[in-house]
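> This is what each chain is made of:
There are 2 protein chains.
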Amino acid sequence: MNQQQNYCVIMAGGIGSRFWPLSRNRMPKQFLDILGTGKSFIRSTFERFVPIVPAGNFLVVTSEQYKSLVLEHLPELRPDQVLTEPVRRNTAPCIAYAASRIAAADPEANMVVSPSDHLITGEADFQSVVREGLDFVAGTDKLLTIGIKPSRPETGYGYIQVDTAGGSEGGGGAIGKVKTFTEKPNLEMARIFVESGEFFWNSGIFVWSVSGILKAMRTYLPEVEAAFAAGRDRYGTPAEQPFVDSIYPACENISVDYGVMEKSPDVYVRCGDFGWSDIGTWGSLYQHAVRDGQGNAVGGGGEVLTYGTSGTVIHVPAGKIAVVEGLEDYLVVERDDALLICRRENEQHIRNYVEDVKYRFGEEFV
Amino acid sequence: MNQQQNYCVIMAGGIGSRFWPLSRNRMPKQFLDILGTGKSFIRSTFERFVPIVPAGNFLVVTSEQYKSLVLEHLPELRPDQVLTEPVRRNTAPCIAYAASRIAAADPEANMVVSPSDHLITGEADFQSVVREGLDFVAGTDKLLTIGIKPSRPETGYGYIQVDTAGGSEGGGGAIGKVKTFTEKPNLEMARIFVESGEFFWNSGIFVWSVSGILKAMRTYLPEVEAAFAAGRDRYGTPAEQPFVDSIYPACENISVDYGVMEKSPDVYVRCGDFGWSDIGTWGSLYQHAVRDGQGNAVGGGGEVLTYGTSGTVIHVPAGKIAVVEGLEDYLVVERDDALLICRRENEQHIRNYVEDVKYRFGEEFV
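Going down the list, the protein sequences come from chains A and B. Oh and the first sequence: position 134 is 398 in the working numbering, straight run, nothing missing. Oh and the second sequence: position 4 is 268 in the working numbering, straight run, nothing missing.
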């Protein structure tokens, strides 16, 4: 594997409204250090891949409004390594754009695509998996997704079923052909999935050759592929952004899972069991946070005193003090001009609260 | 009654730690508009008395650190009308100082003494009572306290028992001789008090002639009286503050109730039933606050959205938003750098929390 041909695309356009008010429109989750590790999620993501991919071969896809934040968190990148989408159109257009951009520079390149806001604890294991994946796809049209060995019947994730009949291929002992992608299951289904041993969590991390993914898009999302292919001569020039801004709004709003991976017959999964979480909910954050003797997860840098309080997530910013009495299994989160108090069991309603806040008091609180 | 001989002493040295973090050391309760009336407690207190007492005849006794705040809230006053105590020594030294100061200007004056942070809703009734009281004490040594007809068996107030055998005196039909002052009773006692019809809440508002109170102090607190009498020639001169600062620390720390009123045989009570509360606790604030359909009392100027929340006091400052889900009978109070969440039934612990905060994180949070 020629490391100079490895590219990494970090998708960083999310706004993380499930973590309001910690995650704000102007400072979404990927730029936060919610877990108190000392590094933002996007910084950790970069550092996870940089032993495999040269810093000059990273691309971050995000919104224009976050471009300067990305460069602040990843000062190793040149400004032209931050691609800005004028509108959000899910992962397929984002990946088509990044792959076309890379193909214009190196048609033989291989790429790994990753969300910017996940937690991975078994970093060395993860890096082995990515290296193995890059070797597996290099010079082929194979599309590889990384699956996570499930540790519990989680209903918040999509699952990938591996085809156990097919055996392994391409030298990767743990790589199997994908049989099905499934949406988020109910609990009963999730239990069956986990017990079967054939199902893995869909991490949203992909590995493929640039030519392989573009070929698959040409077949399954031809309009999206053609739109970005038309920009070949403009990529890396001042004409790039106006071109992208002109074609993006008309792109189909579709995920690469649904638009390509579930349709192509050439899709594989590498199953890993490094520690992984999408930290998509307060519940998953709570699982990974350091907790005190009463099971309270305190963070954010502020000072906290608790009395008769347990199982509660308390985040207040540095310079602030919170005295909390008599709460059991709550979220207490303050950031800037917003305070949320909510039972942990009702965290799925937070998105609705944010909508209510926006409707009633305006965008500035969101 | 010669109105020019009426003086009003407003005691404004409290720090209101029971209302932390709304009330802060640097901005105690008397300077706040906790009830959302549009006026601070001290401003309302001033306006309540100014139809009876000329603005030039007010004295406010407070700490040096609040002098400029007092003048900001009461711009009608000259700076020399704000007396500053170098240390807190309860109400007897405070009243001895103010009375001696007034006596130096007009030995024939009458004075009313009032806390700065109480709520009175029946203002016209209250003013009648004060006028009647001033007429009653003028030219006598009678000490008059204002009692409030109890509406419930409150255990948070002291009570005054009126001597029903004695009949009325001095022309004030509702004025009776005091039989006993009592400390805060337990609930059973409080019920007996209320049912008896002989007991009234002790409002901490006093009316007397300056000569009358100084004479009583000479008898019951001779050292305190003598200390302030020695300053007669210095009051109103640049020598006043150094003199006061020199004698104050050695003064006995004692209330006028305990030091004088409970000992003197010449003590009367005028029973009123204008609306009154000392707003001494969140519970009493809650009683007087406007509440929404779920019994939530929202204030402070911020924006609040509640879901499944009832009986809860929510105070957040202007420019801030709070989303509160799933609380029943709580306090949620934010101010500047501090947030308190506490069950209403545990509000009596707030003082302890404030002590803990001070000990652990320092004065700046208190």
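Hints should not be assumed to be uniformly reliable.
Heads up, the list lumps identical chains together, so a pair's fine if it works in one copy or across two of them.
In silico DMTMM-like cross-links for lysine to aspartate or glutamate, where the CA-CA straight-line distance does not exceed 20 Å [unchecked claim]:
(1) K584 - E619
(2) K303 - E336
(3) K448 - E609
(4) K413 - E349
(5) K584 - D620
(6) K303 - D601
(7) K448 - E462
(8) K441 - E336
(9) K303 - D530
(10) K331 - D297
(11) K448 - E418
(12) K441 - D399
(13) K479 - E349
(14) K413 - E387
(15) K448 - E619
(16) K584 - E627
(17) K584 - D600
To be clear, the hints were calculated from the coordinates, so they are not data collected in a lab.
> Hint by hint, say whether it matches the structure.
Results of checking the hints against the structure:
1. Taking identical chains as interchangeable, the C-alpha atoms of K584 and E619 lie at most 20 Å apart only when they sit on different chains, with a minimum of 17 Å there against 27 Å within one chain.
2. Taking the shortest alpha-carbon separations for K303 and E336, only the intra-copy value of 12 Å comes in at or below 20 Å, while the best inter-copy value is 47 Å.
3. Taking the shortest Cα distances, K448 and E609 sit within 20 Å of each other inside one copy (18 Å), while across copies they are farther apart (43 Å).
4. In this assembly of identical chains, the alpha carbons of K413 and E349 never lie at most 20 Å apart, being 33 Å within a copy and 71 Å across copies at closest.
5. For the identical chains of this complex, K584 and D620 are inter-copy neighbours only, at 15 Å across copies versus 26 Å inside a copy, given an alpha-carbon limit of 20 Å.
6. In this homomeric assembly, K303 and D601 never come within 20 Å of each other (Cα to Cα): the closest approach is 23 Å inside a single copy and 25 Å across copies.
7. Taking the shortest Cα distances, K448 and E462 sit within 20 Å of each other inside one copy (16 Å), while across copies they are farther apart (71 Å).
8. Neither within a single protomer nor between protomers do K441 and E336 lie at most 20 Å apart by alpha-carbon distance, with minima of 40 Å and 77 Å respectively.
9. Taking the shortest Cα distances, K303 and D530 never come within 20 Å of each other, neither inside one copy (37 Å) nor across copies (73 Å).
10. Within a single copy, K331 and D297 get their C-alpha atoms as close as 18 Å, which meets the 20 Å cut-off; across copies the closest is 44 Å, which misses it.
11. In the homo-oligomer, the alpha carbons of K448 and E418 lie at most 20 Å apart inside one protomer (9 Å), although the nearest pairing across protomers, at 57 Å, exceeds that limit.
12. Proximity of K441 to D399 under the C-alpha cut-off of 20 Å is restricted to the intra-copy arrangement: shortest distance 16 Å within a copy versus 100 Å between copies.
13. Taking CA atoms no more than 20 Å apart as the test, K479 paired with E349 passes in neither setting, with 22 Å inside one copy and 84 Å between copies.
14. Within a single copy, K413 and E387 get their C-alpha atoms as close as 15 Å, which meets the 20 Å cut-off; across copies the closest is 73 Å, which misses it.
15. Within a single copy, K448 and E619 get their C-alpha atoms no closer than 23 Å, and across copies no closer than 49 Å, so neither meets the 20 Å cut-off.
16. Taking CA atoms no more than 20 Å apart as the test, K584 paired with E627 passes between copies only; the shortest distance there is 13 Å, against 25 Å inside one copy.
17. Proximity of K584 to D600 under the C-alpha cut-off of 20 Å is found in both arrangements, the shortest distances being 11 Å within a copy and 8 Å between copies.
When each numbered hint is compared with the structure, violations occur for hints 4, 6, 8, 9, 13, 15.
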